[in-house]
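Enquirer: Given next are the chains, with one letter for each unit.
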Amino acid sequence: MRIGVYVCHCGGNISDTVDVQAVASFAENQPDVVLVRDYSHMCSEVGQKMIWDGITDHKLDRVVIAACSPQFHENTFMATVEKAGLSPYVLEIANIREQCAWPHFDLPEAATEKAKDLVGMSIAKARLDEALAKRTMPIGKRVLVVGGGIAGIQASLDLADAGFKVYLVEKEPTIGGKMAKLSRTFPTEDCAACILSPKMADVPANPNIELLTFTEIEEITGYLGNYEVTVVKKPRYVDTEKCTACGKCTEVCPVVVPNEYEEGLTSRKAIYLPSPIAVPHSFILDDQACLGLFPMACERCSEVCEPNAINYDDTPERVKFTVDTIIVATGFDIFDARGKKVYGIEHSRNVITALDMERLIVHASEGKPLRPIGKRIAFIQCVGSRDEQVGNEHCSRICCMYATKLSQLLKRSDPSRDVYVFYTDLRAYGKGFEEYYKRAQRTGVKFIRGRVAEVNSSSSDGKVTLKVEDTLTRQIIEADFDLVVLSVGLLPGEGTKQIARILKLAESPDGFLQEAHPKFRPVDTLADGVFICGCAQGPKDIPDTVAQASAASSRAIRLMNKGEYDIAPVIAFVHDDLCNGCGECIGHCPFGALVLTQTASVNEAVCRGCGSCISSCPTDALDLHCYTNEQLLAVVRASMDSKQEGEIRILVFADDQTTYRLADNVGTGKLSYSSQTRIIRVPSGARVTPKLMLQAFELGADGIFIGESEEKSSPYPHSVATIKKNVAAVRDALSKRNIEPERIRYAEFVTVMLGAFVNQLNGLCDFARSCGPISADQRRGLAHDQVELKQ
Amino acid sequence: MYVLRHGQNPLYQAVRLGLPNLCYTCGICVGDCPAARFSDDFNPRQIFLRVSLGIADGLIAEQSPIWKCTTCYTCAERCPAGVKPVEVIIALRNMCFQEGIVPHQVSKIHQAVVTKGIVSALTETILRRRRELGLPEVSEDLGAIVKSVIGEDG
Amino acid sequence: MVEKRYKFFPGCLARVKLPHIEKSVRTVLEAVRVELVDVNEFTCCPDPVVFRSASRLEWLLLAGHNLSLDGGDPILTLCPGCASSLAEASFVLKNEMETARRVTEALKLNHEFIIPQVSHFLKVLAGEEILESIKGMVKRDLSGLRVATHYGCHLVRPSFAVGFDDPEKPKSLDDVVAATGAMVVEYEDKMLCCGRPAIDEETSRAILEHKLECLRDASCDILVVACPFCFEQFDLGQVVLARKKGRDYNLPILYVSQLIEIGMGMSGEASWKYHRIKPHKLL
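Protein chains in written order, with the working numbering: chain A, 291 to 1081; chain B, -8 to 145; chain C, 6 to 288.
Don't read these hints as lab results, they were simulated from the structure.
It cannot be assumed that every hint is accurate.
[Stated by the list, open to error] In silico PhoX-like pairs for lysine-lysine, Cα to Cα no more than 20 Å straight-line:
hint : chain 1 : residue 1 : chain 2 : residue 2
1    : A       : Lys431    : A       : Lys373
2    : A       : Lys736    : A       : Lys701
3    : A       : Lys665    : A       : Lys523
4    : A       : Lys631    : C       : Lys195
5    : A       : Lys431    : A       : Lys455
6    : B       : Lys138    : C       : Lys140
7    : C       : Lys22     : A       : Lys631
8    : A       : Lys631    : C       : Lys176
9    : C       : Lys144    : C       : Lys174
10   : A       : Lys665    : A       : Lys524
11   : A       : Lys753    : C       : Lys22
12   : B       : Lys107    : B       : Lys138
13   : A       : Lys981    : A       : Lys852
14   : B       : Lys107    : C       : Lys22
15   : A       : Lys981    : A       : Lys1014
16   : A       : Lys981    : A       : Lys1015
17   : B       : Lys138    : B       : Lys99
18   : A       : Lys981    : A       : Lys468
19   : A       : Lys736    : A       : Lys665
20   : C       : Lys22     : B       : Lys99
21   : A       : Lys1026   : A       : Lys1080
[Said to hold, decoys possible] Pairwise CB distance ranges, derived in the manner of DEER restraints:
hint : chain 1 : residue 1 : chain 2 : residue 2 : range
22   : A       : Arg732    : C       : Lys249    : 20 to 28 Å
23   : C       : Arg107    : A       : Asn1028   : 53 to 61 Å
24   : C       : Arg221    : A       : Leu961    : 56 to 64 Å
25   : C       : Arg106    : A       : Gly1071   : 41 to 49 Å
26   : A       : Glu550    : C       : Glu133    : 53 to 61 Å
27   : B       : Thr106    : C       : Gly76     : 25 to 33 Å
28   : C       : Gly149    : A       : Ser655    : 18 to 26 Å
29   : C       : Phe118    : B       : Thr106    : 20 to 28 Å
30   : A       : Lys960    : C       : Leu114    : 34 to 42 Å
31   : A       : Leu397    : C       : Arg106    : 20 to 28 Å
32   : A       : Ser1060   : B       : Ser139    : 31 to 39 Å
33   : C       : Met271    : B       : Arg119    : 35 to 43 Å
Quick reminder that beta carbons are idealized off the backbone N, C-alpha and C, glycines included.
Kindly generate the complete structure, drawing on both the sequences and the hints.
Expert: Structural data, given as C-alpha cells:
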C-alpha cells in the first residue's frame, strides 16, 4: 500500500486558518503514507501534475487530497487519477475548506486539529478503497421541455435543430408566455410580438418537436436517460387540426368573460382564440364558461362551425412518454398587487399593474385605446420586490427598465403628459440600460427617489393621490395623478412550484429554482439530467432568458450526445460467505434490486446505492461499494484518534444529496458551529446501520447526528423510515446501558436550511456536554449489544 | 464635515436592536409619518441613517426631534428592509433618559409608575366616582409591587 | 351561548381618570356573557410610549410581571395601548432569548412560564358570534346617526405583536358600529394617529387639529374610538384647542362600548357628565 497525501492552501482560503504544514507533517507520520505534498492550488494544472507525478514516479496506489469540498473538484481529480492509470475510486477528499477553515475561521487551532482528523479519516478510508471501474449507462436523445414561454421555445428550437427529439409541454392553450403580452422590449424598443411570433411559428413547423399545449405534467419518475413522463392533455373541445380560425363561433357565442391574455382589460367569449398570435392557431372552448356543456344546451358554435371542429364530448387525455433529459422553463408570475393594500389596486380602476399598462400601450398604438390613459401618470417601483413585509427580499431586476421603457413610450406618444417614476434605487445594469435611462430623462420623464408610502383614490373624480418622500430633497410630496402604475415584481410561478414538487428540485430562499452551482453550473440542477432556464431560476430579462435557454439545451446535449454516461459504482453487494439465505433483506429495497436464489444477490442495473437495505441483514452479509462496513468503521475509528480527555466528539453522518452540501453552504457562509464535530459523507442517512452507531459509541463518540434529505426532495424517499427505525433501535440499546438516548438525533434538511443545521449540531453538542462523559464501562462491548428493529 | 464612525460607534451599539443598519433609505417611513407631516424636523429615515453612521448631533439633546414620534407604527408596518423603527426611537429616548435630558412629562410618568404603579395618582374625586359606579377598589400596594419588580435591575 | 373568561386589565387611564369607560365596558361584556376576573396586582401595563421611552428594560420587567400573574386565562384590556404593550413585550420575551432570561430571572419566574394571550376588548366584540348577539340586543333605532370611527394606532399595530384586524385598512370598529344600526361615515386621514402619544405638544396638537378638520368635513354626529387615550385627546383636546386657538368643533366622542349601551337602550346618562363635549343629540 502506497498512499500519497496532497494538502491544498486554496490560495489562503485554507492556509489563512489551518496550519497546512502541521496537517502535512501529521500525514507524513501515518502508516502507509509514502508521499506528502502541499501546494497553493491543487486544482490547478500544476497541482494535478503533482498528483500525476506521484502516481507515476512514486508508484502511489491511493490518493488523498485535503482541499475544498468534493462537490467542486472531485471529478477533476478523479480524471487525473484515472489518466495516471489508477481506478478513479482510489481517491479520497478531505474537505478541510468548507468543514474546517471556513466554519472555524475564528478558531485556527481547533480548525487545524479537525483538519488533521479529516485527513486521518480519509487515509483510513483510502486504505480500504477498492479499485473499482466506472460504470456506464446508455442514454438516448429525447428531451422534455416544460414551459412554452420564450425560454422553452428557444431551448426547444436549439435542441430540435441539433437533431434531438423534443416534447414541449405548455399548460396554457398557446405558447409564447409572458413575452407575447408585452408592448416593446427594452432597451431597443422592438415590438415584442413581432420578434416573438416568427419563433412561435417555428415550433410546430419543426419535425423534431412534439408540441403539447393545454397540457399539464402529472408525474415524472425515473432517472437520467430514463425519465418516464405522464402528462394530461386537457380537453380543448376544438380539434386544432380541423379549426381554420375563421371566428364564426365567437360571433355567435353568447357567453362573455374577462380576457386573460388582455389581463382582464377586455372580454372574450367562451369559445375564443387565446391570442392573435396564438400557436397552435386554433380556437378553444372554455368549459368553465360555456353553456353547451351544461344540460341547457346552447350549441350555437357547433351549428356555425363549417369544418366540424367542435366536439363537446372531448375528455382529458393521459399521455405517457420517455425522455432522457428535462429542461424546466416554467417562468414567473407577477406579484399580486392586492397583497400591498396601501397601494389600493382593489379600490380604484386608476391603479393598474405594469402588465396592464403593456396591454394598454399595445392597443393605444394600434389606434384602438382600451381606456383613457390620462395626462398625469406615476409609476411606483419595487411593488412586491425588496420588501420583507410581503416576504420578498429579492430584487426583480427588470422593473426599473420596464418602467423606464413604459414611461418614455407614454411621454413620447403624448409629450404633454407628466410622467413620474418613484423609485427606490434605479438599477440600470445591463447592456445599453444606462443609456436608455438617460434617454428617458431626455424625453422628459421625471425620476424621483422615494418609495411611495400610500395611495389614496378619490371616489368622486377618480384622481389618485400619492404620499411619498423625495429622499434626495427631503420633501414630503402629496400629488394627484390620473393613473398610477404599480411596477410589480416577479415571483416563481405556480407552474414552477408544481414542477419543483414533481421533480423534487431545490428552491433557493427566494422561491425560484436553485442552480447546482451559482458560478459554474448556472443552468444545472442537483437532479441529474434536469436543467433550468429563464425566470424559473430567477428574475431576468429576455436576452438573459434566451442565453440561459441556449445554455440549458447545450448542457443537455453534452450529456446525451455520447450515447452513454458514467455513474459511480456505489452499488450494494452481498458477502456470500455471510449470507444464510434468510431473505430478510428482499422486502427492504423499494426499487426491487434484491433477489433471492440460494443466497441474496443484487441487480446492479436497478440498485441506486442508498444502502438502506444493509441494516436489515441479521448476519451483516449486505454491504455497499465505496462505503463498505469496514471502511465506515475505519473512518469512525480514525475520527476518535485525536480525542483528548475532557473533549467531546460528535459524528455527523451527512447524506450526499443534501446534508453534505448544506454543511458546505454553512461553511461558505462562515457560520460557525462546534469544532468538536466530524462530518462523514454517506449516500444516505439510511446507510448508517445500528451496528455502526453502537461501534461509534464504543470507540468514543459522545453523540451521533444523522442528516438526511427532506423526504419530498430525497432521491431515496424511503430512507427516512429506515433512519427512524435504526435510530429508535439504537436509542433502546443505549437506554439499557443508562446512556442518554437523545445522544442520537436525526433531522431532514433542504440545502438552504443553514440556521437549522447549525442549531441542530450545536444543540447536540450542548446536550452531550451537559450529560457528561460516557464511562469506559458503559462503552465497552456496546457494539455487541443486541438491537431490535421495530417495524 | 462629519467624520464617519462606522460599526463600533457607541450610538449604533445602543440602537442596534432596531437594526437601523438595514435601512436602504427608501423613504417609505417618511411619506406618511404623522410626525414628519406635522412638524419640520422629524425624519425617521434620516435618523436611521445617522445612527448607523454614528452621527449623534442633536439626537441625544434637549430639543431632540425624537420626541415628535407618535409611535403609531405605520413605518414598522411598511419598512421593506427589516428595520424596526420604533425600537430605534425608543433606544434613543432611553439614552436621553439616562442622560437626564427628557421632556418633563416622561420623568413625571416614569416617577409615577415607579412609585405608585400607575401613571397618575388616584384622587378622592375619582375614588368616589368609582364607588358611585360600583367599580372594584384599586389596590394601594401597586407602588410596592413595582419596586419589587424593577428594584434590583432598575 | 357565548361564554368566555378573561383576566380584566382596565389600565391606568380608565382606572384613574375615566372610570365611566371602565363601567361601560364591564356592562357590555356582561350583556354578551363574557366573564371577567379582576386581578388586584395588575400595575401599569406599563405604557408603551412614555414609560418605555424612559427604560426598555423596566418596561419589559413590569410587562413581564403583569403577564405572569394568575395563571393562563387570556388577558382582556380596554386600552389598545395596554394590549399592544403587553403583546409586544410578549413578542420580545419569546424572541430575544438573552432579554427573556434576564427578565425571568429578575422576576424569579419559572423558566418556562406560559405567556397568556392578550386581546383588546374590540377583538372580542368583533368576533362573529358576539357581533350577532349585539345585533340581536339593539333596541334603539340609530339609523340616522352619522358615526365616524377612529381606530388609533396600537389597536392594530404593530401587527407582528397584536395580530388583530388589518394594520392598514382595519374594519372591526366599523363592523361593531354598524351592528348597532348607526351609519358609518368615511373621512380623510381616517387612519392618521390622534396625536396624543407625540411627547412634543406642538406636534400632538397639530395632528389633532388636522384630524378634527377632516372630521368636520365629513359632517358626522359623533366620533367613536376604541382607546381611552384617543378619547381624552379628542374630548379634552377640543377644549384646549378652543381655549388656545378659538376653534370650536363641538364633536362628541364616545368610547365604543358607550355606543353599544345606547343601542341596547341602557344609556347610562349619568356618565355623560364626565364628557367635556356632551352628546346632546343622543340625549
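Enquirer: With reference to the structure, classify each hint as holding or not holding.
Expert: Hint check results:
Proposed proximity of Lys431 of chain A and Lys373 of chain A is contradicted: the alpha carbons are some 29 Å apart, above 20 Å. Between Lys736 of chain A and Lys701 of chain A the alpha-carbon distance is near 10 Å, which keeps this suggested pair within the 20 Å criterion. A hinted pair counts as satisfied when its Cα atoms are at most 20 Å apart, and Lys665 of chain A with Lys523 of chain A does not qualify at roughly 46 Å. Only pairs whose Cα atoms come within 20 Å are accepted, and Lys631 of chain A paired with Lys195 of chain C is accepted, the gap being roughly 15 Å.
Taken as a hint, the Lys431 of chain A and Lys455 of chain A pair is honoured in the structure, with Cα atoms around 6 Å apart against an allowance of 20 Å. Distance hint between Lys138 of chain B and Lys140 of chain C is unfulfilled; the C-alpha atoms sit about 46 Å from each other, more than 20 Å. For the hint pairing Lys22 of chain C with Lys631 of chain A, the CA-to-CA distance comes to about 37 Å; that exceeds 20 Å, so the pair is violated. Restraint check for Lys631 of chain A and Lys176 of chain C: satisfied, since their Cα atoms lie roughly 13 Å apart, inside the 20 Å limit.
Distance hint between Lys144 of chain C and Lys174 of chain C is unfulfilled; the C-alpha atoms sit about 30 Å from each other, more than 20 Å. Among the hinted pairs, Lys665 of chain A with Lys524 of chain A is inconsistent with the structure: their alpha-carbon atoms are about 45 Å apart, more than 20 Å. A C-alpha spacing of about 44 Å is found between Lys753 of chain A and Lys22 of chain C, which places the hinted pair above 20 Å, so the restraint is violated. Taking the CA atoms of Lys107 of chain B and Lys138 of chain B, the gap is near 9 Å; set against the 20 Å cutoff, the hint holds.
Of the pairs offered as hints, the one joining Lys981 of chain A and Lys852 of chain A is violated, with about 43 Å between alpha carbons and a cut-off of 20 Å exceeded. Restraint check: the Cα-Cα separation between Lys107 of chain B and Lys22 of chain C comes to about 15 Å, which is no more than 20 Å; the hinted pair holds. The straight-line distance between the Cα atoms of Lys981 of chain A and Lys1014 of chain A is roughly 15 Å, inside the 20 Å bound, and the hint therefore holds. Restraint check: the Cα-Cα separation between Lys981 of chain A and Lys1015 of chain A comes to about 13 Å, which is no more than 20 Å; the hinted pair holds.
Simply put, Lys138 of chain B and Lys99 of chain B have alpha-carbon atoms about 16 Å apart, close enough for the 20 Å limit, and the pair holds. Restraint check for Lys981 of chain A and Lys468 of chain A: not satisfied, since their Cα atoms lie roughly 56 Å apart, outside the 20 Å limit. At most 20 Å may separate the alpha-carbon atoms for a hinted pair to count; Lys736 of chain A and Lys665 of chain A meet this at roughly 14 Å. The straight-line distance between the Cα atoms of Lys22 of chain C and Lys99 of chain B is roughly 17 Å, inside the 20 Å bound, and the hint therefore holds.
Between Lys1026 of chain A and Lys1080 of chain A the CA atoms are separated by roughly 16 Å; this keeps the pair inside 20 Å, and the hint holds. Arg732 of chain A and Lys249 of chain C have their C-beta atoms about 53 Å apart, which leaves the hinted 20 to 28 Å range violated. Roughly 36 Å separates the CB atoms of Arg107 of chain C and Asn1028 of chain A, a value that falls outside the hinted 53 to 61 Å. One distance hint, 56 to 64 Å for the beta-carbon pair Arg221 of chain C and Leu961 of chain A, holds here, with the actual separation near 58 Å.
About 42 Å separates the C-beta atoms of Arg106 of chain C and Gly1071 of chain A, a value consistent with the hinted range of 41 to 49 Å. Evaluation of the 53 to 61 Å hint for Glu550 of chain A and Glu133 of chain C yields a failure: the beta carbon distance comes to about 35 Å. Distance hint check for Thr106 of chain B and Gly76 of chain C: the Cβ-Cβ separation is about 28 Å, which falls inside the suggested range of 25 to 33 Å. Distance hint for Gly149 of chain C and Ser655 of chain A: a CB-CB separation of about 53 Å, inconsistent with the stated range 18 to 26 Å.
For the pair Phe118 of chain C and Thr106 of chain B, the supplied restraint of 20 to 28 Å holds, since their beta-carbon distance comes to about 27 Å. At roughly 37 Å, the beta-carbon separation of Lys960 of chain A and Leu114 of chain C lies within the given 34 to 42 Å, and the hint holds. Checked against the hint of 20 to 28 Å, the C-beta distance between Leu397 of chain A and Arg106 of chain C comes to roughly 25 Å, which is consistent with it. Between Ser1060 of chain A and Ser139 of chain B the CB atoms are about 33 Å apart, so this pair conforms to the stated range of 31 to 39 Å.
At roughly 23 Å, the beta carbons of Met271 of chain C and Arg119 of chain B sit outside the given window of 35 to 43 Å.
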